[in-house]
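Colleague: Take a look at the letters that make up each chain.
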Amino acid sequence: MHDADIKACEEVIEMATVAESKWEIKVPDKPLKDKVYFENLKSVVIDTEICSRCLTCASVCPGGIIVVGDKVDFPDYETKCLDCGACVRVCPRFVYEPLSGMGSSTAFIAGRSKRFAGQDGAMVTELIVSAMEMGIIDRGLFAGRNENWETEMFHVCDPEQLAITTLSGTKYTFADVLPELKKAVKFTKSGVGVVGTPCIVSGVRKLQQEYPIFREKVKLVVGLFCTENFHYSAISQYLCDKGVDFSKLVKTDITMGKFIATMTDSEVKFKVKALEEILPSGCNVCCDFTAVEADASVGSVGSVPGYSTISVREAIAVKILDYIKEKGYAEFGEADPGQLGFLVGHKKKRAENLKK
Amino acid sequence: MKKVTVQDQGVVEKTKCHAAAIGVAMKESVYPLTATVQYPRQRKKMPDNFRGYILFDPDKCINCWECAFICPANAIRMKEAPNKKYYPTIDYGKCIFCHFCIDSCTDSALRTTKIHDVAYKDMDEMVTLTEEMIEPPEIVREDTKLVEYLIDDKDLQMKKTREVDNLFVDEVPPSVEIPVVSQCIDGASCIGCHVCEYVCGSGAISSSIANGVMNMAIDTDNCTGCGLCVKECTMQILKLVRK
Amino acid sequence: MQEVINELLETMMSNQVSVPVIQPVIDMAAQMPMVGLGISFILWTPIFALLICPGLSTLGIFLLFFPWIERKLCARIQWRVGPREIVPWLGGLIQLLADTLRFLFQEVIVHKDAHRPYFLQFAFLSFAAALLPLLFINAGDVIAIASPYGVQLLLALVCLFPLFILGLGWASNSRFAFIGSVREAFMYFAYEIPFIIAVLAMVILFGTSNPILIPDKWGIILNPIAAFTFFVGAAMATSRMPFEIPEADQEVAAGPHVEYSGIAFGLIYVMCYEKAYILSTLMVVLFLGGGSGPDIPGLTVHLGDLMGIVWFLLKVIIVMTTMFVLRTIYPRYRLDQGLTIGWGAMIAISLVALAWSIVFVFMQQGGVL
Chain A
4 MHDADIKACE EVIEMATVAE SKWEIKVPDK PLKDKVYFEN LKSVVIDTEI
54 CSRCLTCASV CPGGIIVVGD KVDFPDYETK CLDCGACVRV CPRFVYEPLS
104 GMGSSTAFIA GRSKRFAGQD GAMVTELIVS AMEMGIIDRG LFAGRNENWE
154 TEMFHVCDPE QLAITTLSGT KYTFADVLPE LKKAVKFTKS GVGVVGTPCI
204 VSGVRKLQQE YPIFREKVKL VVGLFCTENF HYSAISQYLC DKGVDFSKLV
254 KTDITMGKFI ATMTDSEVKF KVKALEEILP SGCNVCCDFT AVEADASVGS
304 VGSVPGYSTI SVREAIAVKI LDYIKEKGYA EFGEADPGQL GFLVGHKKKR
354 AENLKK
Chain B
62 MKKVTVQDQG VVEKTKCHAA AIGVAMKESV YPLTATVQYP RQRKKMPDNF
112 RGYILFDPDK CINCWECAFI CPANAIRMKE APNKKYYPTI DYGKCIFCHF
162 CIDSCTDSAL RTTKIHDVAY KDMDEMVTLT EEMIEPPEIV REDTKLVEYL
212 IDDKDLQMKK TREVDNLFVD EVPPSVEIPV VSQCIDGASC IGCHVCEYVC
262 GSGAISSSIA NGVMNMAIDT DNCTGCGLCV KECTMQILKL VRK
Chain C
168 MQEVINELLE TMMSNQVSVP VIQPVIDMAA QMPMVGLGIS FILWTPIFAL
218 LICPGLSTLG IFLLFFPWIE RKLCARIQWR VGPREIVPWL GGLIQLLADT
268 LRFLFQEVIV HKDAHRPYFL QFAFLSFAAA LLPLLFINAG DVIAIASPYG
318 VQLLLALVCL FPLFILGLGW ASNSRFAFIG SVREAFMYFA YEIPFIIAVL
368 AMVILFGTSN PILIPDKWGI ILNPIAAFTF FVGAAMATSR MPFEIPEADQ
418 EVAAGPHVEY SGIAFGLIYV MCYEKAYILS TLMVVLFLGG GSGPDIPGLT
468 VHLGDLMGIV WFLLKVIIVM TTMFVLRTIY PRYRLDQGLT IGWGAMIAIS
518 LVALAWSIVF VFMQQGGVL
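Protein chains in written order, with the working numbering: chain A, 4 to 359; chain B, 62 to 304; chain C, 168 to 536.
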């Protein structure tokens with residue numbers, strides 16, 4: 004090896020602050036003592052149909068739990084599960100205490116990005132890109148979509164990648180954010196920023212609670228206001244039946260109790276209540292509307308059309324918003340928390356479904 | 062369009078150049094140097110580190126798959142042997158003879174030779190199976206002389222000796238040996254999947270459970286520094302550290 | 168009838184090449200009826216010059232072995248080895264023989280677009296027409312036609328060569344052949360004038376244009392400028408580097424030769440060496456005192472006429488070697504550079520040579536020299 008190589012090795016070794024030969028791992032409790040941990044997870048969360056499909060278990064599993072389409076599944080788990088217990092440790096619903104309400108917030112404002120276009124004010128994109136520019140994170144995880152509106156995950160390391168306009172905008176189907184987060188944490192140097200629904204935010208927080216590496220590497224967690232999400236197969240079929248042409252579809256929106264699918268030449272509207280028949284069981288027991296555990300929560304309710312409502316919770320979000328204000332990248336206005344009252348209460352009621 | 066003007070040197074300069082050129086030609090015609098190696102009757106002497114045909118010793122292979130991973134041309138494929146271990150096979154149609162595989166082989170199971178002229182009848186023959194890599198290929202030695210170029214500041218000389226080059230090299234010692242061992246840099250982030258323990262070829266990583274706590278340990282004396290556990294760790298919290 | 172034959176015999180016997188060494192053998196052979204006639208026919212000077220030296224046989228041997236000498240020598244200078252596989256212990260000596268055999272076995276392809284008559288005729292004609300100037304060259308005392316206008320006739324015949332190359336290129340009806348022959352046409356005009364002026368300068372110097380009567384003085388000393396002009400003109404005429412313009416491999420894919428294969432190509436390839444031979448013989452005669460040389464005590468007497476031939480051949484070999492070694496020293500000139508040299512510097516220098524000759528003659532006649 005040349006001297007340059009030796010130097011490079013030494014640098015890498017110095018980055019590891021503590022190098023040990025021995026370490027300890029917590030062994031979580033097993034309700035079913037003589038079964039593998041995945042079977043435990045299955046019986047407590049998946050078979051009782053409270054699984055929110057956040058995929059935190061899939062992200063941390065060393066064997067790689069395979070998500071078969073809509074449901075979380077692990078074929079051959081009796082022989083292939085390594086019985087490490089990681090999935091049980093990180094599942095937010097293994098010991099489920101549903102969170103609800105408005106959560107704590109230092110500020111409640113409306114914002115509209117001047118640089119990006121998104122669902123409302125594109126403030127999620129603005130927050131993550133600004134965090135990248137500030138150097139807090141070096142990549143953000145965005146959910147894009149293909150022509151059939153199936154979600155695909157992207158690592159955005161450069162604002163220029165956002166020229167792909169499908170990265171912004173709400174997709175009312177599940178996106179595999181957390182397995183992608185695990186990959187991002189492997190490769191990132193300064194930090195990762197992630198966006199997700201309240202179940203995904205809970206998953207991230209559980210990861211950060213259990214494993215320090217996620218505390219170190221996941222620097223920004225943005226939550227979205229969420230009533231429910233849908234499985235792709237179910238909602239695509241429903242929309243097709245309603246006459247939606249996915250090749251012409253431009254925007255999907257749920258507002259004022261109506262689902263609006265905007266196409267290039269027409270529009271399809273119907274009441275959201277009609278979607279109750281395809282509501283996933285995991286969403287049916289979720290009480291968190293405003294993603295109370297996030298650093299900042301963003302949604303459309305509470306501000307005028309074209310603006311996003313931002314509930315600023317943690318210091319990191321305050322810092323980023325100050326930067327945005329300073330650079331003049333967005334316009335800010337007032338948001339009305341009262342408008343959220345109906346939806347927060349609506350979701351709180353779902354705690355009753357849990358008892359069933 | 063710009064016209065390119067050549068600096069006019071003047072007649073005297075030009076005549077001198079002509080004279081010098083003709084002088085060189087005359088000198089070379091009388092007392093020349095020949096730089097041609099008349100292969101196959103003569104063979105050029107190759108240094109010991111020459112990157113030639115690759116030979117393999119299965120007894121030393123620890124199945125770390127480093128050679129397959131590092132090959133830039135994807136010429137190495139690992140094939141399963143009857144003893145359930147995986148051994149490399151090289152496709153010489155793709156091999157670029159960079160010898161990254163030999164450099165990365167931890168126990169020097171792969172070694173180099175000075176053979177550079179193996180002929181194949183078709184592309185399929187070029188995929189060399191592991192059994193074929195253990196013994197050297199059939200070589201026809203037509204050469205009777207060995208040619209060496211001796212180069213100093215101004216001059217090139219050819220030295221021809223009536224001996225036949227030995228094509229097989231004894232182990233070439235690596236230039237710098239740095240003993241490294243694997244260590245965990247973030248024990249709290251370990252998920253206890255035991256992949257490192259399963260994958261360690263020398264059994265240096267062990268685990269035990271006591272009182273609801275799992276203890277993992279790396280025996281640095283047994284650790285060969287092959288880096289397999291570092292690559293396979295799910296949370297990527299193992300690193301190679303100097304001993 | 169009988170008188171005619173007797174006259175012919177007399178002319179023949181009076182003009183024999185005399186080689187004292189083999190004279191006894193000839194005398195013995197002369198006893199035999201037909202063989203004697205045959206031998207005296209061959210030894211009749213014109214026939215000897217035509218068939219043996221400096222005619223066909225010598226030309227043939229030169230063509231067989233000179234490319235080998237050229238390739239080996241150039242390789243030696245360029246740190247290479249040259250041809251060596253044909254007969255390794257001979258050093259690849261019969262390489263040209265192998266090449267000729269190969270050309271003989273190869274098919275002469277005349278492609279559809281070519282003008283078939285001229286395509287084939289020019290190939291063979293060029294070889295044959297190039298032989299004509301040999302009639303007027305003398306090697307020592309051996310000459311085929313000793314005419315008082317020998318040198319001019321020679322010059323006129325030499326000026327015919329490029330026409331055949333033009334014909335080759337035109338008959339091929341191919342892009343590169345066309346470009347090659349156009350380049351040859353350009354260069355032809357460029358070199359011919361200085362060349363002719365240089366020869367004329369020498370004729371004026373010597374006072375005679377009968378090759379036999381040209382004294383054994385070394386023209387290269389008397390008029391070095393004319394010698395230089397002649398040499399460069401000869402290099403241009405034979406398409407030798409640095410003037411390999413019409414048939415540059417890398418630029419016009421062998422120019423006029425490009426469409427030829429088989430024995431036609433073989434003849435054209437060898438025509439270049441033929442031209443070089445003829446121009447070298449002319450150079451030896453005019454400038455190097457062709458055929459004359461120092462007296463070697465035992466040999467001169469015994470060899471008689473052959474001595475002149477031996478010296479002549481030696482000098483021709485030296486001149487040809489020098490011409491061929493030029494390719495290892497110089498890179499190729501561009502067409503416009505070649506033309507500039509031909510029409511510019513060369514005409515000037517040749518006129519200077521002419522002037523020098525005239526001055527020299529005046530001074531000689533005036534009794535100064």
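Hints are computed from structural coordinates only; laboratory data are not their basis.
No experiment lies behind these values; they were computed from the predicted model shown.
Each residue gets a CB set at the ideal place from its N, CA and C atoms; glycine is no exception.
You may find that some hints are simply not true.
Restraint ranges, calculated between C-beta atoms of paired labels, are given here [to be verified]: (1) B:T97 x C:L466: 54 to 64 Å; (2) B:G84 x C:F529: 52 to 62 Å; (3) C:I253 x B:Y210: 48 to 58 Å; (4) A:E155 x B:N276: 17 to 27 Å; (5) C:G511 x B:V85: 54 to 64 Å; (6) B:D213 x C:P382: 37 to 47 Å; (7) A:E155 x B:Y259: 43 to 53 Å; (8) B:P240 x A:K25: 13 to 23 Å.
Listed below are the simulated DSSO-like cross-link pairs for lysine-lysine, each with C-alpha atoms no more than 27 Å apart in a straight line [stated by the list, open to error]: (9) B:K88 x C:K239; (10) B:K206 x A:K83; (11) A:K189 x B:K304; (12) A:K328 x A:K117.
Colleague: Indicate, hint by hint, whether the structure satisfies it.
Modeller: Structure-based check of all given hints:
no., hint, in the structure
1, B:T97 x C:L466: 54 to 64 Å, "violated, 40 Å"
2, B:G84 x C:F529: 52 to 62 Å, "violated, 38 Å"
3, C:I253 x B:Y210: 48 to 58 Å, "violated, 28 Å"
4, A:E155 x B:N276: 17 to 27 Å, "violated, 41 Å"
5, C:G511 x B:V85: 54 to 64 Å, "violated, 28 Å"
6, B:D213 x C:P382: 37 to 47 Å, "violated, 55 Å"
7, A:E155 x B:Y259: 43 to 53 Å, "violated, 33 Å"
8, B:P240 x A:K25: 13 to 23 Å, "holds, 20 Å"
9, B:K88 x C:K239, "holds, 15 Å"
10, B:K206 x A:K83, "violated, 62 Å"
11, A:K189 x B:K304, "holds, 25 Å"
12, A:K328 x A:K117, "holds, 11 Å"
Hints 1, 2, 3, 4, 5, 6, 7, 10, counting from the list given before, are not met by this structure.
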